[in-house]
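Note that the protein sequences, when read in sequence, are chains F and B. Just so we're aligned: the first sequence equals residues 1 to 230 in the UniProt record's numbering. Just so we're aligned: the second sequence equals residues 1 to 275 in the UniProt record's numbering.
If you're looking for bench data, these hints aren't it; they were derived computationally from the structure. All C-beta atoms, glycine included, are put in the ideal place defined by N, C-alpha and C. Check each hint, because a few of them may be wrong.
What the hints assert, rightly or not - Beta-carbon label-pair distances, calculated as ranges:
| id | chain 1 | residue 1 | chain 2 | residue 2 | range |
| --- | --- | --- | --- | --- | --- |
| 1 | F | Gly84 | B | Gln268 | 46 to 54 Å |
| 2 | F | Gly84 | B | Thr218 | 15 to 23 Å |
| 3 | F | Val148 | B | Lys195 | 33 to 41 Å |
| 4 | B | Lys198 | F | Val148 | 18 to 26 Å |
| 5 | B | Gly197 | F | Cys165 | 52 to 60 Å |
| 6 | B | Ala219 | F | Thr72 | 50 to 58 Å |
| 7 | F | Gly183 | B | Ala216 | 18 to 26 Å |
| 8 | F | Ala145 | B | Thr159 | 44 to 52 Å |
| 9 | B | Ala148 | F | Ala145 | 41 to 49 Å |
| 10 | F | Thr32 | B | Lys111 | 52 to 60 Å |
| 11 | F | Ala145 | B | Lys111 | 21 to 29 Å |
| 12 | B | Thr159 | F | Gln90 | 36 to 44 Å |
As the list claims (entries may be wrong) - Residues from chain B that face chain F, not an exhaustive set, calculated with beta carbons under 10 Å:
| id | residue |
| --- | --- |
| 13 | His83 |
| 14 | Asp85 |
| 15 | Ala87 |
| 16 | His92 |
| 17 | His96 |
| 18 | Arg129 |
| 19 | Asn130 |
| 20 | Gln207 |
| 21 | Trp229 |
| 22 | Leu235 |
| 23 | Gln238 |
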Amino acid sequence: MFARLSARTVRPLAQQAKLLSAGRTALASQATLPELGYGYKDLEPYIDGQIMEIHHSKHHNTYVTNLNAAMTKLADAEAKGDVGAIVQLQGAIKFNGGGHINHSIFWKNLAPTSAGGGKLECGSLKDAIDSQFGSLDGLKEKLSAAAVGVQGSGWGWLAYDKVACKLAIATTANQDPLEPTTGMVPLLGIDVWEHAYYLQYKNVRPSYVKEIFNVINWKDVECRYEAAKK
Amino acid sequence: MKVATVAVVLACAGFGSAFVAPGSKMVMTAEGGVSRRQAIQTGAATVTATGLAFLTNSVPARAEDGPYVLPDLPYAYEALEPHIDAATMKFHHDKHHLAYITNANKAVAGKEAVSILDLQKGAIKAGVRNAGGGHYNHSLFWTTLAPAADSGKPSAALTMAIDASFGSFDAMKEKFGAAAAGVFGSGWAWLGVTKDGKLDITTTPNQDNPLMEGAACTAMIPILGLDVWEHAYYLKYQNRRPEYIAAFWNVVNWAKVSEYYEQYALKQEGVPVQG
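Start from the sequences and build out the full structure, keeping to the hints where you can.
Spelled out as structure tokens, the structure:
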């Protein structure tokens, strides 16, 4: 009933299938730089327009470019079965992929004050924050301390811990993405790489972290919270 | 006049360490006297204590309450222009480096003081890799930079070693540059001498350095480091780290680096630094 394929036929077919699938994978995983959804200057005076422009069009764009390059090389290595090359690419994928994931969240976490940035309205997130941290100020204190305390480059996060079913404060180093590395769902990220604030705040990271709360898009954070709880 | 105030006057006039306020920490300069900065600090403390705080307005704010102090830059802030800008040098030295020193002093409070060089080996275990490493790394860094006109070139001995290990000076610069550009996040690139006496290049994350036991890098005695934390270049170069790295080569103090190579690294000794 089933035609028996000879070994001579199976091997080339399998290789073709691998190449096709790799090609599909490469195409499907072409990352693109997301739009901000607001103008570069729209978060002023809390975050300079110059910072936003360089941060989005240079730093994030570079992560996207380098991620795509690494993924293309990965597809090629997979097709060839080159495990050494696959292993070697992991660092670049983690760094650039993480950078892309983190910044894509970050831009949505921010909003101009004119669009509600900085305002936490009544709702499930506010309830959870009040319950766990006493108040929004209580959360700000803990999250700020974590973000300011990151040594070197990294991120401070308000996260959802799916195991404990509660909000959590976390930090990640460099561009490590939160969920793939810890399992916790990122709700709000504060980028504390120096490029996120140096042109305006210089070495005074605490001032940047304090001011960024004026432009946090709490509606977006709440959406993520609702989705994480499911 | 209080003893401490007399000490300030005498020290400032170059009379050295004849009088030092009891309880103050001695900072030995290369010549063995109390450093002018120490004398000013003691004087400032005295002046403040006597309610004449307005007199301290010209004294820069310091928080070096401990054995470690901020070494002076061997040149003016603008001396490395246009390669490294004055604003960067000012923030980097006066703010960032000082913060590491403040934290290092807090970390070692109550413990027996060791030189910042000696602190490096056990820094990871002792929990001082960030503050202690930051202080050493920057103290070394300032001395390995010089105005472009004084950059010079490596000594004959160092040149031979570079050629032996990398093939050529340009090949070394290329390898070092690639390493520096490739650091993910904050860190340093290093040129140093390994245990087998050869030159090599490595990188460390954050404020680690190759002197630290347990650092994830090639163990070596560093003779030249390049800071690739964004604060080291962002004001002038923003995201363009490779441009900063290329510019750096114009302001390397090769006489100093050669001295470090010949007098310390070849003898498998870490380079001592001021502060």
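To see whether the hints hold, each was checked on the structure:
Checked against the given bound of 46 to 54 Å, the beta carbons of F/Gly84 and B/Gln268, roughly 35 Å apart, lie outside it. As the Cβ distance of F/Gly84 to B/Thr218 is approximately 21 Å, the hint placing it in 15 to 23 Å holds. Between F/Val148 and B/Lys195 the beta carbons are some 39 Å apart, a value that agrees with the proposed interval 33 to 41 Å. B/Lys198 and F/Val148 have their C-beta atoms about 41 Å apart, which leaves the hinted 18 to 26 Å range violated.
Our hint of 52 to 60 Å for B/Gly197 and F/Cys165 holds, since their Cβ atoms are close to 58 Å apart. Between B/Ala219 and F/Thr72 the C-beta distance comes to about 36 Å, which lies outside the given range of 50 to 58 Å. Under the hint 18 to 26 Å, the C-beta atoms of F/Gly183 and B/Ala216, about 25 Å apart, fit the expected range. The hinted range of 44 to 52 Å is satisfied by F/Ala145 and B/Thr159, whose Cβ atoms lie roughly 50 Å apart.
Distance hint check for B/Ala148 and F/Ala145: the Cβ-Cβ separation is about 43 Å, which falls inside the suggested range of 41 to 49 Å. Remark: the range hint 52 to 60 Å for F/Thr32 to B/Lys111 is upheld by a beta-carbon distance near 53 Å. Look at F/Ala145 against B/Lys111: about 26 Å separates their beta carbons, and that is inside 21 to 29 Å. Distance hint check: the CB atoms of B/Thr159 and F/Gln90 are about 38 Å apart, consistent with the given range 36 to 44 Å.
For B/His83, the interface hint is violated, the least distance from its beta-carbon to any beta-carbon of chain F being 19 Å, above 10 Å. Below 10 Å, beta-carbon pairs count as interface contacts, and B/Asp85 has none with chain F, the closest being about 13 Å; its hint is therefore violated. Look at B/Ala87: its Cβ gets to within about 9 Å of chain F, closer than 10 Å, so that hint holds up. Because the smallest distance between the Cβ of B/His92 and any Cβ of chain F comes to about 9 Å, under 10 Å, the interface hint for this residue holds.
Against a cut-off of 10 Å between C-beta atoms, the interface hint on B/His96 holds, since the closest Cβ of chain F lies about 6 Å away. With a cut of 10 Å, the hint placing B/Arg129 at the interface with chain F holds, because the nearest CB-to-CB distance is about 9 Å. Here the hint on B/Asn130 is kept, as its CB sits about 5 Å from the closest CB of chain F, short of 10 Å. Because the closest C-beta pair between B/Gln207 and chain F is about 8 Å apart, less than 10 Å, the hint holds.
Checking B/Trp229 against chain F: minimum C-beta separation of about 7 Å stays under 10 Å; hint holds. Because the smallest distance between the Cβ of B/Leu235 and any Cβ of chain F comes to about 7 Å, under 10 Å, the interface hint for this residue holds. Among the interface hints, the one on B/Gln238 holds; its C-beta lies about 5 Å from the nearest C-beta in chain F, closer than the 10 Å criterion.
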